[in-house]
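Note that the protein sequences, when read in sequence, are chains A and B.
Per the numbering used here, residue 328 is the first one in the first sequence, and the count goes up by one each step.
Per the numbering used here, residue 10 is the first one in the second sequence, and the count goes up by one each step.
I should point out that these hints are in silico values taken from the structure, not numbers from a laboratory.
Since the model is a prediction, treat every value here as computed from it, not as a measurement.
You may find that some hints are simply not true.
[Said to hold, decoys possible] Looking from chain A toward chain B, a few residues come up when the C-beta cut is under 7 Å (computed):
#  : residue
1  : A421
2  : S453
3  : P454
4  : L459
5  : M483
6  : Y488
7  : T519
8  : K555
9  : S556
10 : P646
11 : A650
12 : D721
Using N, Cα and C, we set each Cβ at its ideal position, and we do this for glycine too.
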Amino acid sequence: MAGAIYIIYYTYPHQYNKAGINPPDTIYNQAKDNSNIEKPCSNLHPEWRAAQVIEDVSINASPDCEPDNPYEVATSVRGTNNVSMGTLMHTDFAQDALIMGEDLDKDGDPDIINIKLEVVELNGSSPDGEFLINTFDVAPGIQPGLWVYAPKSRGMAVKNYNSLVSNPLLRAPSPVIRVEQGDKVYVTLENTHYLPHTIHLHGVDHPWMTAKGEDNDGMEEHAVFPGKSHTYEIHPRHVGTMLYHCHVQTAQHFMMGLGGMFIVEENHPNNWLQTFNVGAGVVRHPSVAVKKEYNQEYDLHYQSIDKKLAHIIQEANDPRLVAQHMARDYNMTESFENYFLLNGHSFPYTLRDSMIISSENEDIKLHVANFQRSAIALHIHGHKATITALDGVDLTQAQQITRDVLDMATAQRNDVHLKTQNDGLHSYGPGLWMFHDHVPTGTTTDGIEPGGNMAILAYKALLDEHGMPKMHEHLLDQVFNKEYYAKRQAVWTEGSFAALLGDAGILEPNYLQMLLFGAAIGLLVGLFVLLILVIKRKFKS
Amino acid sequence: MKQILIGLLFISLYQPVFAMEHGGMIMDETGMIMNANPDQLPRDCPQISENKDITIHAGQQYAEKFTGKMFAFDTQEWNVKPCAKINITFINDDQIRHQLMIHGLPGYLYPDGMFHLELNGTGQLQASLILPSQKKTYLVHCELPQHMEKGMKAQLKVEGGDGDLPSIPGISEPIKADLYNTNWNQLSYAILAFSILIGAAIVLMSVIYSEQLTRLLAKLGAKLKRNSPSDLH
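The following block holds chain A by itself, in its conformation from the complex:
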């Protein structure tokens, strides 16, 4: 018996075992399924990249893989009431999404602006099966539940009847909204969602009440319930980069994505603004003031997602359960950030639509806003940029700071002047310079690097014809793969080092050891039964 116990002790099968002289072979590719590999750029609309004029709106070139839809830009400038039906049909806007009214100061641009926003759930659940609907991938295979404001849209919310993918207007982040100083702006929230929401105009000059004496600050106690609408009135006197966000159950709703940039531009004659910058990023029709000083303008919306919070809307369908799980069962003080997005995407998707693309000697205006739960420390490789405004207030020449880490607490905004002048200070010359949040978690996607809000400041000569960075082929093949972000791929799989740094294989079980172990157990059990029988017989006699 002692022998059996000894054998059991020494042959106990462990999960992890020593390999002897030669450790197991390297596994190069654990992916079972090549369908998880994506093309870095699908090049769907190459005709959208060129500079063009639509509806008399001049639209700048945008060499990205996924440029903004120029018809959407033109409609965002002219208004849905001032474009031809042909142009409108190239977009997903409802016909009343953006109504441009009277030119009050007779300076050649409309000053009464009616904006309609809906609340859209992305990657939501369905009672009709184990799938998500109105999907929006933030990175390969990553579909967190999201809520966004979206310009009022029309028709199918999915791409077509056989698809679960959202139409292009329904995406993160909530769109950037641009209006002119002195405009009479009416922002109507049409709550198409199943929970109450509001719009709070953070930092935007607005009276506390509307002309009718109704709520105009978007606070919790004046929530707009499902199926209802409410119009907020703004007549901004002050110029700057501001925000709008939901102020109902703010901790949760803000983290779910209900926040966007609201930018008030200087009043100038003939200043037709691009009211919506869907998906943020490059502004293809900058304002008169920006065009005077800058070659280009970008909106950079930094946002983080708590995967557990985001999952709540995917595990229950009943609105009462969602409300309970989100507001009471989930404790927001125990929240973590798992996904980090720039303009609604994490790396590598940021390369498709959120690169800053420049030539040498350009002046670029950046509007940077932090919608994360944590602070960001934005670092642009190879450049030092100048902060020209903080939270929508211009800095004097003496107050302006040129630096290479821009720190922003939650809800703060920096207006930034980025120069691509190769002078050893502002720029170190052409390159594919990465820019990212330098808080270490910011460059990860649920802990997987490279991911998060990494993007590239790309000098044009270093981009290929699809607007993707050159010299990145191996990396792109590696990361445009759902398996990589599902944590099933080794990090270094390049050249001869693949064998040295790929995944170590697994050991085959030692069958002799297992046989011995099993036999010893059997022996013990048999002995035990025998013992009982013997005792019983003795007891009987």
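Given chain A's structure and the hints, the job is docking chain B onto it.
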């Protein structure tokens, strides 16, 4: 009301050539009608069997009679004859956008198999369609994100239809069901304890009355044996 018919453009983009004379889209700032069909008979219909006027309300308030929903139509099911012509009055009682889409229609009459009404806010629209003769259940829903999921889903049955669609409020179960808390109280624990006692009692009784039980079983077995051979032959 300024209505703009952009039939040609839309047809050239999305529709098969033989559907050009009907279908199309009417749109203005209040909403749109896509693929209405008041006069083209389906191939399998020699004539219109019945003319049915249906009024459909859409709104948050119609979800109140159900549990766990937020949006709904006022009716969840309609029954019509094969080859019926339906004249729909679609009324939106909310301050937001709603749609009424019917799917699975023949593509040669309804591009993408779809009939689609959309109201940008409170208001109403009228449009007709003619159904083929096939016995079938058609999905009727609002396709705004989460509206169907939260209750705005109904079914249109031709000749009784070919079954119920899932998760129609008040009619059918969902495929992916939510989990709800259950009220386990003292009574339920008492019932549980009682059932355990009964289970134990059965075992005890069978031990005590084992002889009688064996005899009973033997009798039963004999009876079965006597009966079965006649069945076999």
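Hint by hint, which ones does this structure get wrong, listed from lowest number up?
-> Hints 4, 11 and 12 not satisfied by this model.
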